[in-house]
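Engineer: Respectively, the protein sequence lines represent chains D and G.
Everything in the first sequence is counted per the working numbering, starting at 1 for the first residue and increasing by one.
Everything in the second sequence is counted per the working numbering, starting at 1001 for the first residue and increasing by one.
Derived from the structure by calculation, the hints contain no laboratory data.
Since this is a predicted model, take the numbers as computed values, not measurements.
Errors might be hidden in some of the hints.
[Stated by the list, open to error] FRET-style restraints, in silico, Cβ to Cβ: (1) D:Lys58 x G:Arg1015: 32 to 42 angstroms; (2) G:Leu1070 x D:Glu53: 26 to 36 angstroms; (3) G:Gly1022 x D:Thr35: 34 to 44 angstroms; (4) G:Leu1054 x D:Glu53: 50 to 60 angstroms.
[To be verified] Cut-off 30 angstroms, straight-line C-alpha distance, at most; resulting in silico cross-link-like pairs (DSS-like, lysine-lysine): (5) D:Lys2 x G:Lys1084; (6) D:Lys37 x D:Lys47; (7) G:Lys1084 x D:Lys37; (8) D:Lys58 x D:Lys2; (9) D:Lys47 x D:Lys58; (10) G:Lys1084 x D:Lys47; (11) D:Lys58 x D:Lys37; (12) D:Lys2 x D:Lys37; (13) D:Lys2 x D:Lys47.
[Unchecked claim] Below, a sample of chain D positions facing chain G; criterion: calculated Cβ distance under 7 angstroms: (14) Val25; (15) Ser26; (16) Gln28; (17) Ser29; (18) Asn31; (19) Ala32; (20) Phe38; (21) Ser41.
Where a beta carbon is used, it is the ideal one built from N, C-alpha and C, also for glycine.
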Amino acid sequence: MKNRLRVLRAERNWSQAELAERLEVSRQSVNAIETGKFDPSLPLAFKIARLFESSIEKIFLED
Amino acid sequence: MALLCKKNLSPLQRRSLAGFGGVLAVTAGITMAVHDAMERLHPSRAGIVGLGVLAAIPVGVLIFIVGRYLARETDEFVRMLVMKSILWGFAVTMMTDTVYSYLAEYAGSSRANGLLQMLNIDVFCVAAAIALRLMARRYE
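Only chain D is shown next, with the shape it has when bound in the complex (with noise of 0.2 angstroms):
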């Protein structure tokens, strides 16, 4: 699955480890979100929703 991960984060300035530290998730897990060789659960994903203020559709897109 495809996601806007990396761009909302770069928008912030974040790094992967800044982001995890949000996420309260290890920087490895943001990586392979990112990089698409991670699908997160649906409780992840709501937390990522909520933390850059979008819904999960937006970040997450269908292959």
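For chain D, the structure is supplied; the task is to place chain G on it using the hints.
Structural biologist: Using the frame of chain D, we list chain G on its own:
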């Protein structure tokens, strides 16, 4: 555990890794002591069963520590990596066992037959740790 060798471990990962390392050392010690006792004391059948069970107890404790860690780990991605590494650990252990069993049965002495099985937990831990480290490196 966790992302092995990673410096910024969470308190849960640090605690679990310390417990795991401690029990692994105890496992190695008990395995050697039991092996030594079997060789020197030549225990009865009941004694052999008792010593075998004694050697197996730390293995159960190790699995319990990993299970407790997985239940408490909040990072779902790390949890997935640990699960995958456990599968690799099982795969390598079983593959090693299979090859070794054929070698022991058809090309070696029957005395060495159970030796690798005694070290299964060590093979499993080393294989799982290497797998975890290699997988984690992909996301550095």
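Engineer: Work down the list of hints and note, for each, if the structure agrees.
Structural biologist: Cross-check of the supplied hints:
no., hint, in the structure
1, D:Lys58 x G:Arg1015: 32 to 42 angstroms, "39 angstroms, holds"
2, G:Leu1070 x D:Glu53: 26 to 36 angstroms, "33 angstroms, holds"
3, G:Gly1022 x D:Thr35: 34 to 44 angstroms, "36 angstroms, holds"
4, G:Leu1054 x D:Glu53: 50 to 60 angstroms, "58 angstroms, holds"
5, D:Lys2 x G:Lys1084, "23 angstroms, holds"
6, D:Lys37 x D:Lys47, "19 angstroms, holds"
7, G:Lys1084 x D:Lys37, "14 angstroms, holds"
8, D:Lys58 x D:Lys2, "11 angstroms, holds"
9, D:Lys47 x D:Lys58, "14 angstroms, holds"
10, G:Lys1084 x D:Lys47, "25 angstroms, holds"
11, D:Lys58 x D:Lys37, "19 angstroms, holds"
12, D:Lys2 x D:Lys37, "9 angstroms, holds"
13, D:Lys2 x D:Lys47, "17 angstroms, holds"
14, Val25, "5 angstroms, holds"
15, Ser26, "5 angstroms, holds"
16, Gln28, "4 angstroms, holds"
17, Ser29, "4 angstroms, holds"
18, Asn31, "5 angstroms, holds"
19, Ala32, "5 angstroms, holds"
20, Phe38, "5 angstroms, holds"
21, Ser41, "6 angstroms, holds"
Checked against the numbered hints given earlier, the structure satisfies every one of them.
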